[in-house]
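Q: What follows is the residue order along each chain.
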Amino acid sequence: MLGFLIRRLLQSILVLMLVSMLVFMGIYVVGDPTAMMIPDNVTAETRAAMIASLGLDKHPLLQYLDFAQRLLHGSLGRSFATGLPVEELIASRFPATLELACAAMVLATVVGLPLGLVAAVKPESWVGRAITACSSLGFSVPTFWVGLVLIMVFAVSLGWLPSNGRGPTQSLLGVQVSFLSWEGLRYMILPACNLALFNAAMIIRLTRSSGGEVMLMDYIRFARAKGLNERRVIGVHLLKNILIPIITVMGINFGGIIAFSVVTETIFGWPGMGKLLIDSINALDRPVVLGYLMFVVVIYLTINFVVDLMYSWLDPRVTLVEAKA
Amino acid sequence: MSAVIDGNAAVRPVSSPMRELWRDFISSRMACIGLASFALVFVLSLLAPWIAPQNPYDMQQLSVLDARLPPGAQSGDGLMTFWLGSDEQGRDMVSAILYGLRISVFVGLLCTLLAFVVGTTLGLLAAYFGGAVDSFIMRLTDAQLSFPSILIALIFLALFGKGVDKIVIALVLVQWTFYARTVRSSAMVELRKEYVEAARGLKYSHLRIMFRHVLPNCMPPLLVVATLQVAIAIGLEATLSFLGLGLPITEPSLGLLVANGYAYMLSGNYWISMFPGLALVWAVLSINTVADRLSDLLNPRLRK
Numbered sequence: 004m005l006g007f008l009i010r011r012l013l014q015s016i017l018v019l020m021l022v023s024m025l026v027f028m029g030i031y032v033v034g035d036p037t038a039m040m041i042p043d044n045v046t047a048e049t050r051a052a053m054i055a056s057l058g059l060d061k062h063p064l065l066q067y068l069d070f071a072q073r074l075l076h077g078s079l080g081r082s083f084a085t086g087l088p089v090e091e092l093i094a095s096r097f098p099a100t101l102e103l104a105c106a107a108m109v110l111a112t113v114v115g116l117p118l119g120l121v122a123a124v125k126p127e128s129w130v131g132r133a134i135t136a137c138s139s140l141g142f143s144v145p146t147f148w149v150g151l152v153l154i155m156v157f158a159v160s161l162g163w164l165p166s167n168g169r170g171p172t173q174s175l176l177g178v179q180v181s182f183l184s185w186e187g188l189r190y191m192i193l194p195a196c197n198l199a200l201f202n203a204a205m206i207i208r209l210t211r212s213s214g215g216e217v218m219l220m221d222y223i224r225f226a227r228a229k230g231l232n233e234r235r236v237i238g239v240h241l242l243k244n245i246l247i248p249i250i251t252v253m254g255i256n257f258g259g260i261i262a263f264s265v266v267t268e269t270i271f272g273w274p275g276m277g278k279l280l281i282d283s284i285n286a287l288d289r290p291v292v293l294g295y296l297m298f299v300v301v302i303y304l305t306i307n308f309v310v311d312l313m314y315s316w317l318d319p320r321v322t323l324v325e326a327k328a
Numbered sequence: 131m132s133a134v135i136d137g138n139a140a141v142r143p144v145s146s147p148m149r150e151l152w153r154d155f156i157s158s159r160m161a162c163i164g165l166a167s168f169a170l171v172f173v174l175s176l177l178a179p180w181i182a183p184q185n186p187y188d189m190q191q192l193s194v195l196d197a198r199l200p201p202g203a204q205s206g207d208g209l210m211t212f213w214l215g216s217d218e219q220g221r222d223m224v225s226a227i228l229y230g231l232r233i234s235v236f237v238g239l240l241c242t243l244l245a246f247v248v249g250t251t252l253g254l255l256a257a258y259f260g261g262a263v264d265s266f267i268m269r270l271t272d273a274q275l276s277f278p279s280i281l282i283a284l285i286f287l288a289l290f291g292k293g294v295d296k297i298v299i300a301l302v303l304v305q306w307t308f309y310a311r312t313v314r315s316s317a318m319v320e321l322r323k324e325y326v327e328a329a330r331g332l333k334y335s336h337l338r339i340m341f342r343h344v345l346p347n348c349m350p351p352l353l354v355v356a357t358l359q360v361a362i363a364i365g366l367e368a369t370l371s372f373l374g375l376g377l378p379i380t381e382p383s384l385g386l387l388v389a390n391g392y393a394y395m396l397s398g399n400y401w402i403s404m405f406p407g408l409a410l411v412w413a414v415l416s417i418n419t420v421a422d423r424l425s426d427l428l429n430p431r432l433r434k
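Taken in order, these protein sequences are the chains called A and B.
4 is the number of the first residue of the first sequence in this note's numbering; add one for each residue after it.
131 is the number of the first residue of the second sequence in this note's numbering; add one for each residue after it.
Hints are computed from structural coordinates only; laboratory data are not their basis.
Careful, some of the hints might be misleading.
Unchecked claim - For lysine to aspartate or glutamate, the following DMTMM-like pairs were computed, each having C-alpha atoms within a straight-line distance of at most 20 angstroms:
hint: 1; chain 1: A; residue 1: 243; chain 2: A; residue 2: 216
hint: 2; chain 1: A; residue 1: 243; chain 2: A; residue 2: 233
hint: 3; chain 1: B; residue 1: 296; chain 2: B; residue 2: 381
hint: 4; chain 1: A; residue 1: 243; chain 2: A; residue 2: 318
hint: 5; chain 1: B; residue 1: 292; chain 2: A; residue 2: 282
hint: 6; chain 1: A; residue 1: 125; chain 2: B; residue 2: 218
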């Protein structure tokens with residue numbers, strides 16, 4: 004176990020180093036930072052002095068070391084557009100994204116798991132077929148287009164729900180959240196549904212396929228022969244055995260939700276990290292784009308790590324020492 | 131596809147894996163509908179310039195007076211009917227969708243083809259040579275697959291800017307890994323078979339063994355991946371273009387058409403976004419139906 008933790012930590016550090024090098028190249032090699040930071044109308048001497056003060060006259064390797072040192076101190080540089088430190092910008096946007104992603108995950112599970120179970124238990128019935136067809140459709144419709152349709156139906160035509168922004172927030176342990184008030188929740192419904200759709204389809208499909216395999220097992224037949232009611236057979240015998248792959252996929256998909264929140268946040272004007280990313284890309288604000296990348300990489304490494312730990316905890320047959328990542 | 135197998139006369143199996151797959155494939159009605167439906171999408175996009183009622187990017191054919199007409203409305207000069215409405219520049223949506231479909235399908239197929247070539251080559255190299263080559267290529271796919279593809283594509287486009295070439299590179303960059311992994315795992319099995327030993331005994335070159343002997347026998351699973359990836363590439367390109375990072379306005383794909391209509395949707399002009407989106411769903415859904423059938427056929431656990 005300890006060996007696994009150490010190896011994993013080393014691997015994560017390696018990935019972070021590689022990404023930070025790519026990030027660095029992204030700022031200093033692909034893009035020309037002097038063009039962004041130094042005005043055109045200065046004299047050659049001022050220009051040279053500014054380049055020196057920014058450390059841009061040094062060897063690229065030394066520049067990278069400077070950059071890495073700042074990174075280790077938690078500094079991602081300053082935004083070209085606003086002059087604010089990138090880490091502050093991201094920190095101010097992260098709670099909104101996290102809240103939306105959690106809401107979408109919960110929604111996808113609450114909808115997807117029961118429907119998937121029905122489709123697994125009764126694959127040939129019309130309900131089962133309809134659920135399977137819906138999940139195939141859920142895979143094929145692009146997220147951004149569903150978002151527009153949701154806005155069109157529920158915000159424009161029916162006028163039931165707001166379509167833009169986050170609405171009022173409350174402070175919970177120092178973090179601003181929307182889900183504590185009905186008004187805040189109303190703003191969250193449409194974006195959360197939009198973000199949940201793909202994952203609900205994924206959970207339905209996974210539950211259906213793994214549930215379908217388990218249904219043929221002897222222990223299910225045996226449980227039924229014992230005279231257990233259907234609810235217990237499905238709720239305990241079936242569910243327990245398919246939960247592990249589902250939880251694993253859900254964990255990995257959480258990263259996907261955070262990435263796809265870029266699309267949903269743009270459509271619904273949700274003030275999260277994803278919208279920050281798109282706005283920064285459009286404003287050519289490289290430090291923010293690359294700061295976002297570094298931050299997201301850390302999130303993914305953490306998620307993968309937690310999923311692996313959870314996997315071994317849920318399934319005693321898995322030992323992490325043997326697992327070669 | 132069949133040419134590859136036929137050229138492989140020395141090791142032709144009794145029934146080729148691809149031909150067997152085709153026979154099983156057409157026994158499902160849904161799959162045939164999906165295939166026919168995609169064939170239709172393909173033909174429509176191929177013929178777009180000849181069957182579209184107008185050239186939607188020839189400004190002289192457009193009239194601002196026809197802007198934002200609802201579906202079924204007549205143009206001001208009474209010469210044409212906008213069956214799916216018109217956009218803010220008086221452009222016929224049917225024509226815009228046909229041209230958009232053409233670009234989306236073209237980009238999707240091109241990316242798939244390139245990613246297929248790159249990924250398959252690297253995967254075959256990994257399986258064939260093993261050792262350091264193998265672990266380098268596979269660690270690369272591991273690292274890349276732990277990040278969502280949309281994120282990698284987004285960052286790439288953010289750094290290098292937009293354009294058809296950029297988006298093709300971005301999509302190939304995120305998709306090659308799937309082919310590399312698939313071909314590697316089936317090639318590992320194939321490499322242990324007698325025919326490979328025989329080919330080695332005949333002192334055939336590495337390249338010849340890899341591409342003419344091993345590759346044809348790895349085709350079925352690769353085909354599933356490729357089919358699925360066409361749909362994913364089309365969807366991803368549409369998403370990136372919708373975000374304004376994919377194709378430039380001069381090459382408006384379906385994603386960009388949807389984005390254009392976004393602003394007018396709030397005032398009730400639903401058709402400008404709605405119909406391009408439906409066309410996209412149609413294309414992706416028909417490809418996915420085909421891919422579903424293929425993966426069912428190749429899933430050993432479901433095979434009788």
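Q: Now, for every hint given, state plainly whether the structure supports it.
A: Here is what the structure says about each hint:
Proposed proximity of residue 243 (chain A) and residue 216 (chain A) is supported: the alpha carbons are some 13 angstroms apart, at most 20 angstroms. Straight-line distance between C-alpha atoms of residue 243 (chain A) and residue 233 (chain A) comes to about 14 angstroms, which keeps the hinted pair within the 20 angstroms bound. Distance check on the hinted pair: residue 296 (chain B) and residue 381 (chain B) sit about 13 angstroms apart at the alpha-carbon level, within 20 angstroms; holds. Restraint check: the Cα-Cα separation between residue 243 (chain A) and residue 318 (chain A) comes to about 11 angstroms, which is no more than 20 angstroms; the hinted pair holds.
Taking the CA atoms of residue 292 (chain B) and residue 282 (chain A), the gap is near 15 angstroms; set against the 20 angstroms cutoff, the hint holds. With a C-alpha separation of about 49 angstroms, the suggested pair residue 125 (chain A) and residue 218 (chain B) falls outside the 20 angstroms cut-off, and the hint is violated.
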